[in-house]
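*Asks:* Sequence:
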Amino acid sequence: MSASLQILIVEDDDFKEQEILSVVRSIWSEAAVMHARSVQQAVLAINSQIFQLIVLDIALPSHDLVRGGGAPTSMPAGGVEVLLELSYLGRSDAIIIVTQYPEVEIEGRLVALRKVASVVAEELGCSAIAAIQFRKNDSMWRAAFKKALEKVRGSNPAR
84 MSASLQILIV
94 EDDDFKEQEI
104 LSVVRSIWSE
114 AAVMHARSVQ
124 QAVLAINSQI
134 FQLIVLDIAL
144 PSHDLVRGGG
154 APTSMPAGGV
164 EVLLELSYLG
174 RSDAIIIVTQ
184 YPEVEIEGRL
194 VALRKVASVV
204 AEELGCSAIA
214 AIQFRKNDSM
224 WRAAFKKALE
234 KVRGSNPAR
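For the sequence shown, the residue numbers in our numbering are 84 to 242.
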């Protein structure tokens with residue numbers, strides 16, 4: 084493991100990504116941050132390296148828009164595909180889910196956001212720390228996200 088904390092932010096909305104990044108930087112100013120904007124990019128990233136933290140949106144496009152390529156498919160539960168890949172690989176990267184939705188569809192059923200982290204941990208075997216609802220212009224999500232980041236920080240030697 085390198086001296087720098089390795090973080091992957093999987094988010095397709097520029098504004099939300101910048102908000103997330105500003106909170107991450109307030110905790111870990113020197114972290115190496117990688118970005119993925121689609122399910123395809125996220126899967127490629129997690130297959131290329133291990134992250135101490137993955138900040139994951141749930142609603143993601145299937146792949147990036149490429150000139151001459153097919154249009155990306157909107158995947159309301161695309162982040163779950165990323166979780167399934169992590170599960171398949173037997174990975175234990177810490178995961179914080181940040182979504183705009185109050186529920187997440189997991190294996191065909193809607194799960195209330197307050198229960199998502201425990202369902203992801205129990206049923207998919209992923210190291211879900213928290214699931215937080217992002218609300219623009221609301222400081223509550225920032226406080227919850229910061230608390231989850233502190234939890235990851237406390238369990239990680241690369242501070």
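To be clear, the hints were calculated from the coordinates, so they are not data collected in a lab. Treat the hints with care, as some may be off.
As a list, the in silico BS3-like pairs of lysine-lysine whose alpha-carbon atoms are at most 25 Å apart [what the hints assert, rightly or not]:
#	residue 1	residue 2
1	Lys-219	Lys-234
2	Lys-230	Lys-219
3	Lys-230	Lys-198
4	Lys-219	Lys-229
5	Lys-99	Lys-229
6	Lys-198	Lys-234
7	Lys-219	Lys-99
8	Lys-229	Lys-198
If you anchor each label on the Cβ, the simulated ranges turn out as follows [claimed, not checked]:
#	residue 1	residue 2	range
9	Gly-191	Ala-115	18 to 26 Å
10	Ala-195	Asn-220	30 to 38 Å
11	Gln-183	His-118	12 to 20 Å
12	Glu-205	Leu-172	12 to 20 Å
13	Lys-229	Ala-204	36 to 44 Å
14	Leu-127	Asn-220	30 to 38 Å
15	Gly-191	Ser-112	15 to 23 Å
16	Ala-195	Ser-112	15 to 23 Å
17	Ser-105	Gly-237	15 to 23 Å
18	Ser-109	Gln-183	31 to 39 Å
From the three backbone atoms N, C-alpha and C, an ideal C-beta is built for every residue, glycine too.
*Asks:* Hint by hint, which ones does this structure get wrong, listed from lowest number up?
*Replies:* 9, 10, 13, 15, 16, 18
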